[in-house]
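Construct the entire structure; sequences and hints are all you get.
Numbering (this note's numbering), first residue to last: 93 to 506.
Just so you know, these hints were derived from the structure itself, not from any lab.
Do not rely on the hints blindly, as some may be mistaken.
Only pairs whose alpha carbons sit at most 20 Å apart, straight line, appear in this in silico DMTMM-like list of lysine to aspartate or glutamate [said to hold, decoys possible]:
(1) K132 / D233
(2) K299 / D244
(3) K207 / E303
(4) K246 / E303
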Amino acid sequence: MELLPVIYLSYMFVSMYFLFLFLFLYFLNKKRLFDYPKLKKKYKVSFIIPAYNEERTIKETLEHIFSIDYDNISQVIVVNDNSTDKTKEIVESLKKDHKNLILINNKKNLGNAAKTKNVGLKYANGEIIAFVDADSYPAKDSLKKMLGFFEDKKVGAVTCPILVKNQSNIIEKMQELEYKTIATTRKLLGYLDSIYVTPGPLALYRKKALEKINGFDEENLTEDIEITWGLAKNNWKREMSLSTQVTTTAPDNLKDWYKQRLRWTLGGLQCIVKYKKEFLKKGILGMFILPFFILQFFLGVIGIGVFLYLLTTRVVSNYIFAKYAIPANVPLLTLNDFFITPSFLDYLGIILFVSGFIFTLLVIAIIEKIELKEVLKKQRLRVILSYSLIYLSLYPLITIIAIYKYFKREKRWR
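Written out as structure tokens, the structure is:
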């Protein structure tokens, strides 16, 4: 058998395997997707907000935190990473009305979120630590619907869905679809104890768990992935509450989107390298999370590689044919050229695309609690098609660029 069909079929098999795995988990757990444990204990909670030049959003973020329906928030700690705008002044102006608001000013810019989070941890007195990005806005019921998971003493972290606040252009709308898809699949992975990231917009951690793994890795570009893998390695469970949410400000242009996704991908590569010795070792990190993550990278590279190979061979063969056909007066096109017979592999590709498209519709219907026909409204359908055909196809390119930059040692947080 030729190599290309083997690669293509392997790609198809792995993709369909994970698609059916998610569908299986959904139908097995659909009646309890939005369940959350009722809160029995009044945990003392410390919020930590890393901030660097966040004058446009920090006030609204703090107002959302102060409006959360929970009466045992002992501290709201803002770690100002030597901002050059009015972040410091805005936070100070709110201190007189909120006695639990603490401002920590770094004397120099530490350069990444992990270092800033570790600074805040030194001042936190809560049993549960809630990290919030300075451009994110937790829902009023977020703590009541997340803290109950900590009744299980083995739970080290809890996350929730992230929704996009700004949805004025196509880039933002496609990110909204992406975030909703991620939220649903992350919840499903939770039933396998395989949640592999607790994102920065809102994540709760048991302080004891963070102390046992020595806090955040200050060299990693995606500290929220790395800390989750560290918790998994040390047998701390990670949970997802699908019944609440946090909204965040997403990139509104392609340049900022690219920079953010490149950093995420580089950070993921760092995590793979750091935890490579855990691969296929006993435990959920080595047996599922690492292989799942590596396969995501591998499939992306293979997918774009196959596409570029087929495109190149087609262009080259057509060029060579045209070069010799024109002098020989051989027609460049015949009637038979207009009758395209799809191959078996073409049919498999169509099946994969349609299955993925239907799955996207399904996860949107799940998280929005609406019927599929509501998802198929004309305006929404255009965004979903753009997301499926264009947006997702950009990720393999980012993966290849990230791999190149990683081996060139080009790793920057900002």
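(Q) Taking the earlier hints as the rules, which of them does this structure contradict? (A) When the structure is compared with the hints, none of them turns out to be violated.
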